[in-house]
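For the sequence shown, the residue numbers in mature numbering (1 follows the signal peptide of the UniProt record, and there is no 0) are -24 to -1, 1 to 131.
No wet-lab data here; the hints were simulated from the structure.
A portion of the hints provided could be inaccurate.
[As the list claims (entries may be wrong)] Lysine to any residue pairs mimicking SDA-like chemistry, simulated, CA-CA at most 25 Å apart:
no., residue 1, residue 2
1, Lys66, Leu44
2, Lys66, Pro79
3, Lys66, Val76
4, Lys66, Val56
5, Lys66, Gln24
6, Lys66, Asp19
Since the model is a prediction, treat every value here as computed from it, not as a measurement.
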Amino acid sequence: MQTLKPLTVLAVAFALAAPGLASAQTAAHDGHAASALEIVLNDGAKWQGDQNMLTGMSAIHATMTANLDAIHAGSLPADVASGIAADVQKQVDFMVENCVLAPEVDEQFHIILGEVMTGISALEAGEVEPGAVTIVQALNAYGEHFEHPGWQMIN
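Kindly generate the complete structure, drawing on both the sequences and the hints.
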């Protein structure tokens, strides 16, 4: 079992403690039920992040899309899923350690990171499909709520 870094734990705490936010529905992924994330837009507009956020989220997106066929086919081996979890965790750690977001943007972004971390935990526990789906749903919610040039939703 992997020990979480203090900054990662802090990210989860922010995600869980965000008060008074309206629910946003993430799109269902390939027949899987959609989940509710507690995230809102910035007065109807997408939130503006920083380069660290863009870099980290792009890397997570690339990791997930590179393995999407095997995930959809249910043929992703547990050891590969564990490697994906480690790669995604590395990006989450990078973004948390280098966070310079304004507080209101940071609060919303930590909700996304909390969901990504839920997916990481599932992948580490060998729950490949639920873990991957959770991360993909978080990525799609991110794309719906944050400005990220060239962002592609994952189907």
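Outcome of the hint check:
Note on Lys66 and Leu44: the hinted pairing holds, with a Cα-Cα distance of about 19 Å set against a maximum of 25 Å. Distance check on the hinted pair: Lys66 and Pro79 sit about 23 Å apart at the alpha-carbon level, within 25 Å; holds. At most 25 Å may separate the alpha-carbon atoms for a hinted pair to count; Lys66 and Val76 meet this at roughly 18 Å. Restraint check: the Cα-Cα separation between Lys66 and Val56 comes to about 15 Å, which is no more than 25 Å; the hinted pair holds.
With a C-alpha separation of about 22 Å, the suggested pairing of Lys66 with Gln24 holds against the 25 Å cut-off. Only pairs whose Cα atoms come within 25 Å are accepted, and Lys66 paired with Asp19 is rejected, the gap being roughly 32 Å.
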